[in-house]
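Here's the letter readout for the chains.
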Amino acid sequence: MILAYHKVGPDRKTHWYVTADRFHAQLAALADRTPVYLDQYDPQNPKHVVISFDGVYANLVPFALPILKRFGYPFELFVVGDYLGKENTFDQPKEPPAHFASLSELDTLVAGGARIQWHSGTHGDLAAMNPADLERELTVPDALRQHFGPEHLRWFAYPHGRSSVALKAAIPRHFVGALACEDGDPQDRYFLPRILAHEGTRLAKSTVSVIVPNYNYGHFLEEAITSVLAQSVPPHEVLVIDDASTDDSKVVLSALEKKHPGRFRTLVNEKNLGIVENFKKAVAATTGDYVIFLGADNRMQRDCVEQCQAALDRDPGAAVAYTDLTIFGPLASVLAAKVPAEKTAVEGVYRWPFPDPTPERLANLEKQNFIHGSSMYRRSAYEAVSGYQSAERAEDHHLFLRMIRAGHRAVHVPQPLVEYRQHSREQANTALNVQHQARFFRKAYEEQRKANLELQRELDLTRHRLAQVANVFQTKTKLQLARTLAVNLVAPHRRRVVDYLVEAASAKLKGEATPPLPEALLTDDKLKR
Amino acid sequence: MGGVQSRAELDQFWQREDPWGYQAHPHDRIRVGELLAALPRRPYGHTVDLGCGDGFVTFELPGERVTGIDLSKEAIGWAEKRAATRVDRERFHFKAASIFDVPQLGLPPADLIVITGVLYPQYIGGAFAAIDAGLSALLAPGGILVSVHISDWYRSSFSLSRLVMHRYPYREYEHLLEVYQR
Ligand SMILES: C[S@@+](CC[C@H](N)C(=O)[O-])C[C@H]1O[C@@H](n2cnc3c(N)ncnc32)[C@H](O)[C@@H]1O
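Residue numbers (my numbering), protein chains in the order written: chain A, 45 to 573; chain B, -5 to 176.
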């Protein structure tokens, strides 16, 4: 497969543009294939992919190059020789003004893995030209050949994808092969087909379902769901399944649905089904080739779906891909001491590295589990071992154990792609109430704002206070406590506390001790509590 | 067709001093305090503030060397003017450039990257992936990235280990502060 791109940018001015976000997702989908240069390309090899660009436009440097470099993929640039560093006048006004890459921009791209190839001198209608003009169009100036060296300028791409008998006959004198558009012929080295990549092009061979099971975690749902919706490779489907929550989950969900219309689906159980039945129902309600559960109190790192999907794509014998974890929340240090986990730059937040699946560890999996519940697994393997089952052991551990015993492999993705919250039920419930109220006030606030400016100020304060109260549950340091106090105070005090905060923060940065709270604050009656 | 805001549009906006009124609003002092309080306590060699505007946040940041980058030349003009009056002016280096051109600036690896008020659709369109890749490459191993944005307008997140998500009220909105580590 040879892909043909033109312009990559922040927005799509015409259908010749692909946004950088989609470009990223399209490259991520090539995980199980081998991107190669044209010189290595074997059209019969289904794994081979060539990434090519026509033009070549200067916008590749800011918008495509960082992404290509991240993947380390080789790519081919077909330049229109007379237009290096100039504007796309021959395309206007059909296309908006755009700059072609200059020689130094091409050098930058070459340093990032590009090879330069030829797309004619002027991008004119070569099929209609006389032999002399045609010869000029196909001749790469010696200076350019010298500049780039012998690995470059060996291949040709037909302008507008069009060829003719005379043109095709002339190509072999100048080039080792040539590329057409969709109508090419994989057997013909001088007319190889290319796929025109556009914004909607889907290259992934697999689909992913993300399932967020929720029971009374209304106050955490927003972080869980937005972390899924911000994935670098959007999953094929996102299902939130609520197991008859008694908190404000439904309100939260409908607000999120409004904010992200069509981005996820919700299923609400009328009766609480319990974990196993709920999980089974959720899997049955989705269709993705791969399934990953994310607890409603947890979050995903941006590339969780991308990395796990790539790991399973690359290894068809693997049934499950598991990652490392970041652990956070009020009880993180308790778990961290047990597992054990490594410190991160932030106090109270840890990285929990998981071991590789060696044969010994797999043999001992029953006793010592290392495939956590937010691992991505293959639906076919799930079905082959008849899915989740009630057992004494945790339902996911049991599932993965049966998969491994059935002869499937596990792969380890050694990055903390799931953020795992450690908290206790009581804490959750207290926080829940605060959150509940906060949401109520926020809603009231939004409605009243339009009607009454005076009231707005009142509610602003209330909202502020409530949010600060919620913060207390995460706070331990004096500094953070002071932040909370700040809002319980009337204006002059608040100023003082803010000043104190700034002072304390800069002391913290300099590594000095936190300064004492100002007298005026300590003697205030309201703060005695 | 819309499209992301150009340098000319941003320069127009930055004709005025302090166009968003950061100097006067108490919440803007608070957001600086929140950001500083969230920074892991460690020495920072090179700090980069992306979309730094007139340096309102930049001048508060730790770092032996602090680089401020903004697309608007006018904004950088204000920042340089403010830097000139400081005793620690040697620490600060400002440059007018787009966040998308950062990989081409040849900056030394960053121990701290700060990006606040920039990752909104009107500035970055559908090209966050390019920023994610570019900044991840700029960050030194173990380096810290802090992102602070109005939560309703922010749809991104970085391909780095996220250590903190913290929300606090900002004007009539809510700020989402995230700390990442490479
Ligand atoms: C809301 S202001 C935030 C300023 C500063 N970070 C602060 O918090 O005080 C957004 C800034 O991003 C800048 N900006 C917009 N697009 C940019 C781009 N592509 N590259 C660099 N800066 C950009 C604007 O000029 C503006 O100064």
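What the hints contain is simulated information worked out from the structure, not anything from laboratory work. Here a beta-carbon is modelled for each residue, glycine too, at the ideal position from N, C-alpha and C. Check before you lean on any hint, since a few could be wrong.
Just a few of them, taken from the derived set where beta-carbon distance is under 8 Å, the chain B residues facing chain A [what the hints assert, rightly or not]:
#1 -2
#2 2
#3 4
#4 35
#5 91
#6 92
#7 95
#8 121
#9 127
#10 134
#11 151
#12 156
No farther apart than 20 Å at their CA atoms in a straight line, the calculated lysine to any residue pairs in the SDA-like style are these [claimed, not checked]:
#13 A:303 <-> B:29
#14 A:382 <-> A:409
#15 A:294 <-> A:305
#16 A:113 <-> B:135
#17 A:554 <-> B:29
#18 A:387 <-> B:150
#19 A:554 <-> B:82
#20 A:138 <-> A:242
#21 A:212 <-> A:233
To list a few chain B residues with every Cβ distance to chain A over 10 Å, as calculated [stated by the list, open to error]:
#22 36
#23 59
#24 71
#25 94
#26 124
Here's how the hints hold up against the structure:
Satisfaction of the interface hint for residue -2 of chain B is found here, the shortest Cβ-Cβ separation to chain A being roughly 5 Å, below the 8 Å cut-off. Among the interface hints, the one on residue 2 of chain B is violated; its C-beta lies about 14 Å from the nearest C-beta in chain A, farther than the 8 Å criterion. Restraint check, residue 4 of chain B versus chain A: the minimum CB separation of about 14 Å is more than 8 Å; hint violated. The criterion of a C-beta within 8 Å of any C-beta in chain A is met by residue 35 of chain B, whose closest approach is roughly 6 Å, and the hint holds.
Given the 8 Å rule on beta carbons, the hint for residue 91 of chain B is violated: about 10 Å separates it from the nearest Cβ of chain A. Nearest Cβ of chain A to the Cβ of residue 92 of chain B: about 7 Å, under the 8 Å cut. The hint holds. For the restraint placing residue 95 of chain B at the interface with chain A, the shortest Cβ-Cβ distance is roughly 6 Å, inside the 8 Å limit, so the hint holds. Annotation: residue 121 of chain B was flagged as interfacial toward chain A, and the flag holds, the nearest CB pair being 4 Å apart, inside 8 Å.
Because the closest C-beta pair between residue 127 of chain B and chain A is about 4 Å apart, less than 8 Å, the hint holds. Nearest Cβ of chain A to the Cβ of residue 134 of chain B: about 12 Å, over the 8 Å cut. The hint is violated. The criterion of a C-beta within 8 Å of any C-beta in chain A is met by residue 151 of chain B, whose closest approach is roughly 4 Å, and the hint holds. For residue 156 of chain B, the shortest C-beta to C-beta distance to chain A is roughly 6 Å, which falls under 8 Å, so the interface hint holds.
Proposed proximity of residue 303 of chain A and residue 29 of chain B is contradicted: the alpha carbons are some 27 Å apart, above 20 Å. This hinted pair checks out: residue 382 of chain A and residue 409 of chain A have alpha carbons roughly 18 Å apart, not beyond 20 Å. The hinted pair formed by residue 294 of chain A and residue 305 of chain A meets the criterion: a straight-line CA distance of about 16 Å does not exceed 20 Å. For the suggested pair residue 113 of chain A and residue 135 of chain B, the alpha carbons sit about 17 Å apart, so the restraint of at most 20 Å is met.
Straight-line distance between C-alpha atoms of residue 554 of chain A and residue 29 of chain B comes to about 15 Å, which keeps the hinted pair within the 20 Å bound. Distance check on the hinted pair: residue 387 of chain A and residue 150 of chain B sit about 26 Å apart at the alpha-carbon level, beyond 20 Å; violated. At roughly 15 Å between alpha-carbon atoms, residue 554 of chain A and residue 82 of chain B fall within 20 Å of each other, so this suggested pair holds. Between residue 138 of chain A and residue 242 of chain A the alpha-carbon distance is near 17 Å, which keeps this suggested pair within the 20 Å criterion.
In summary, the hint linking residue 212 of chain A to residue 233 of chain A is supported, as the alpha carbons are separated by about 11 Å, within the 20 Å threshold. Under the 10 Å C-beta cut-off, the non-interface status given to residue 36 of chain B relative to chain A is violated; the minimum distance is some 7 Å. With a least beta-carbon separation of about 16 Å from chain A, residue 59 of chain B lies farther than 10 Å from that chain, consistent with its non-interface assignment. Residue-level check passed: residue 71 of chain B sits 23 Å from the nearest beta carbon of chain A, beyond 10 Å.
Its closest Cβ contact with chain A, about 4 Å, brings residue 94 of chain B to no more than 10 Å, contrary to its assignment away from the interface. Listed as outside the interface, residue 124 of chain B is inconsistent with that label: its C-beta sits roughly 4 Å from the nearest C-beta of chain A, within the 10 Å cut-off.
Violated hints for the displayed structure, listed by number in ascending order: 2, 3, 5, 10, 13, 18, 22, 25 and 26.
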